[in-house]
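Once you have looked at the hints, place chains B, C and D on chain A.
As a plain string of letters, each chain reads:
Number of protein chains: 4
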Amino acid sequence: MKKTTIGIIGAGRIGRLHAENIISFPNVRIKTISDLFIEHVTDWAKTIGIEEVVTKYEDIINDEEIDAIFVCSPTDTHAEIIIAAAIKGKHIFCEKPISFSINETKEVLEAVKEAGVKFQVGFNRRFDRNFLRIHESVKNGVIGEPHIIKITSRDPEPPPVEYIKGSGGLFFDMAIHDFDMARYLVNSEVVEVFSLGANLVDPAIGEVGDIDTAITTLTFANGAIGVIDNSRKAVYGYDQRVEVFGGKGSLTCENDRPTTVEFSTIDGTHKDNLKHFFLERYKEAYIAETFAFIDSIQNDKPLQCEGNDGLQAELIAKAAKQSYIEGRPISIK
Amino acid sequence: MKKTTIGIIGAGRIGRLHAENIISFPNVRIKTISDLFIEHVTDWAKTIGIEEVVTKYEDIINDEEIDAIFVCSPTDTHAEIIIAAAIKGKHIFCEKPISFSINETKEVLEAVKEAGVKFQVGFNRRFDRNFLRIHESVKNGVIGEPHIIKITSRDPEPPPVEYIKGSGGLFFDMAIHDFDMARYLVNSEVVEVFSLGANLVDPAIGEVGDIDTAITTLTFANGAIGVIDNSRKAVYGYDQRVEVFGGKGSLTCENDRPTTVEFSTIDGTHKDNLKHFFLERYKEAYIAETFAFIDSIQNDKPLQCEGNDGLQAELIAKAAKQSYIEGRPISIK
Amino acid sequence: MKKTTIGIIGAGRIGRLHAENIISFPNVRIKTISDLFIEHVTDWAKTIGIEEVVTKYEDIINDEEIDAIFVCSPTDTHAEIIIAAAIKGKHIFCEKPISFSINETKEVLEAVKEAGVKFQVGFNRRFDRNFLRIHESVKNGVIGEPHIIKITSRDPEPPPVEYIKGSGGLFFDMAIHDFDMARYLVNSEVVEVFSLGANLVDPAIGEVGDIDTAITTLTFANGAIGVIDNSRKAVYGYDQRVEVFGGKGSLTCENDRPTTVEFSTIDGTHKDNLKHFFLERYKEAYIAETFAFIDSIQNDKPLQCEGNDGLQAELIAKAAKQSYIEGRPISIK
Amino acid sequence: MKKTTIGIIGAGRIGRLHAENIISFPNVRIKTISDLFIEHVTDWAKTIGIEEVVTKYEDIINDEEIDAIFVCSPTDTHAEIIIAAAIKGKHIFCEKPISFSINETKEVLEAVKEAGVKFQVGFNRRFDRNFLRIHESVKNGVIGEPHIIKITSRDPEPPPVEYIKGSGGLFFDMAIHDFDMARYLVNSEVVEVFSLGANLVDPAIGEVGDIDTAITTLTFANGAIGVIDNSRKAVYGYDQRVEVFGGKGSLTCENDRPTTVEFSTIDGTHKDNLKHFFLERYKEAYIAETFAFIDSIQNDKPLQCEGNDGLQAELIAKAAKQSYIEGRPISIK
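Chains as they are written, first to last, in this note's numbering: chain A, 1 to 333; chain B, 1 to 333; chain C, 1 to 333; chain D, 1 to 333.
Cross-link-like lysine-lysine pairs, in silico, DSS-like; alpha carbons within 25 Å at most:
#, chain 1, residue 1, chain 2, residue 2
1, A, Lys318, A, Lys233
2, D, Lys283, A, Lys275
3, D, Lys233, B, Lys271
4, A, Lys318, A, Lys106
5, A, Lys46, D, Lys2
Read the hints as simulated data drawn from the structure, not as lab findings.
So that you can see chain A by itself, here it is in the shape it has in the complex (with noise of 0.2 Å):
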């Protein structure tokens, strides 16, 4: 089999990671990491055995060894690497979310349409071995028809207020990996959503305009209602669970906890903290999506999260936006 060579765009902490996770695999080569500043990241590519390290993402998209991209670069500057990586040809693997303007988005998917390149969006979770077994088990009618889903999704605490001025605020950093968990596991639209907010955990978020604690209901195309649950901070660590229930039952899964030991003592009975961390939750399902994205580029395979996914969580994500600010239910056309 012909190797896959791939450039990365962007050497931040989850381009890194994605780099580590893609050298495991046989028949990848990494050939070009890109990067602004790419002074720390000289060495740390040397020693994973990259090639190439350069400031300018043009020289990945322009090199016609490179068969795949990884555009792992801040969101406003994705739209313009998307087009012009499509136009070349390059199969495409983007972080979420695509872009911060609906219109925008619908330009790199018409643009990646009209190219005929595969092109995954980074929802991750989506590759989580729980969340999948709950998505199939949905889907293979085991618990009915969905009526109810329940997602609480909470960080264990903020970014740094600075990243949040850019992030785009909860609904689109956030809350659109559960947005998108939603529609994944009751396979179905979301048609109306309507949010409540709240500046809770530290009144420095509140001053940049955003908020930390959100409650938001969902109406699928199909007749279920949602409710997702969000929190900045959750202090015993990263809180992830889902629940779907329908007419034959419920699916519902717990935390992942760094060991299953449980300690009893004088004081009761005791459980170490979850995992803390996304990329330690997360672990096995960021390096379930890099080998499903290279495996439908080896083996053309559909796509198990392209473009339409992406979009329509950016959908929901500014009606939820939209909600929060006018008090109000907000309908998805």
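Chains B, C and D only, in chain A's frame:
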């Protein structure tokens, strides 16, 4: 200590349950029970030692020997009975809801206040050991300020459609318990409500103008937000869970099961279903609420669930119903 | 139906417990309770409606009105009382163990057999809903042939050393319940025993010749093997678990806890300790065994725990003690 | 840092597993793998980058470039290979057991001691995150002095009878891991053993002189007592649990499952079976033990599992087998 003499109005399922619980207490005597149809009641009443069975509730209210009454008749008779009993100086335990009309409920509260009698509303779940433990822990600051409350409340199967017709609908008949629970656990008043409703379980329920599936969001005076999900039919049993999440942690409780037994076979690991019926699930809570009422009378202790709690839950139910009908959030003044 | 009239011999903790459970049944009357020291008993007896308090157990045995007796006096008085009562035709419920001497126990069994009276031994745990569920499932073949049984049985704290002196030691006083449970769950007789004992909890227990920690292996007639571990002190509460493992799977049960509440904070996830005391843990089982005894008398049903069950458990206890002392496995013929 | 060059002796299942784990570490190179039958190995070896495949292990031992070897050949070849490799100054990782003969094992230990090389025994379970957490907690005094240790260790299905014939039997082939685990968690030597064995799973196992079900009690030098139960066939999966109980509490760990998903339907609540296979269950532990061995070589750190640990486990296995045959407890001097 002087014996407390009790009269019970209404000998349906819940009236008989209270009677059977009351007779197990020392220093209490049930003198009379009233019901429109006494034929089926007489034998049972004799067995458990109730002295008289009558058809007219006035015989109870006018009996000077009787100190306290339990109002277990249909909701539309509550107000009249309570007001008459209060005038006669009886202490009153009333099943929820107090009435189907906010104004009527307010008149009832006025009457019991003027009469200076004890008036307890039958929110039995407050006395469940799991919810009580969470209530106390929130109050003691174990999780800091509450940010989010989540209540799951699903019946094992819908009541007969005939019952639903006269029930006041899902919000007044079923969710009203959850509205009280939300106030009880968060320890703050609800100021706004938004409800999604759906008819997914049985079309016959929709045909009589009711819903069988609902998600209701709550905004509290103290800034917390919350959500309740209801279904009339959870095939796996009576599903009753709560979570209170705050700045310093989270409190959850799982469903009670008949046993702790796990079966592991080649097909996986299996547990028996949840306790199926509310009388079974809340058996101890029903005893505890009755004990608390009698204890309050005999030792002049404050009530743990009083008239205003009934009123507030009804205000939320009314707003929830309106929100569902009008498709917008409704304020509670 | 004719009322059953009952006499209770011994008004210590367990005698009073049985009395309080018995009076909650219809068609049953406690006429008399006897105790050497009746001063502290009289008031309590009046409150719950016992008619007479006497010092001599003979007054109960010779009372022709009395149908059945509960033997709750010290173990060394059991045999004499039971034999005398059987001659008078009383049905007998006896607390475990029947006696400290195998020969005496055999005489007792002979006497009740000749008299043709009902004779139930107080192995209350057989009536616990968890163990009963496992017993029935094994019997129904859910796990195929049993291969291994494991019982964990640990008290929350040791009894006073004074009590231990007269208790017959860990095997006769504490593990005897587990020996019965093993037979009950595997449904086969124990043919060989090996015991390890240790004095790790409190040297004072060793000084009076007893142990506080033990592991006992069991070989059953049907080929299964088993193990029981005992401790006099589990600081986290009363630890009572069983597992039966067979050719087609495994059955386990977890401890009962006072609530299902979990506390998640920055320190991890926490549950309250186990139910602490055997009277609390087996509250329902005590009621159920009493009900079963009375039901057996009133409706002439077979007993669920009879004289031979007491004898077999004592045979195992005797062998376990000998095995510990001699450091070798001991056969039970 | 200088790269460590490694040779692997034996390309069976476990040899290939170690190879695949080793190549994922930086600064390590597998130069050679040896196996009597190299046909099936060559392609695989090339794919993962092993340079040479040879039939004679001496080619590895005599290669001056090679720093360390992994002994993954059949147990009866271990001693000869280790002694030869030690003389040549190679660091050695050896799969368990070191040999089937205590005297041979002692010679091996003497040889590696004289040669001054690192010698790690493959008790991979010490590196499992659950057992490691318990080991550390016991060491840190979380539960005070250990009183009782319980280990459940059951395979999902028996190996082929052909394998069993040459395996050394249940105690040497299977329970030896549990003997090591007991020493590791209690942190004290075993001084006496008593074993019950049975042939309940498959008569064919009995026909070749082995057992498939066992309970083994342990007495430790520090006064603690313990028990291990083994079965060759747990139909619900690979069952691996431990409990350490002490004066201040208890530590337990549950089995790992593939997901945390629970299915609730009209039939009850269901979880998927346990991880089925030891390679799946201990995947991370195998990686961790390999990392620890290489780390010990490269940074001259102490081993976490050394030659004496192999010897002690074999002494217990020998005593357990003798105890089972002779039906009496056996001392380990």
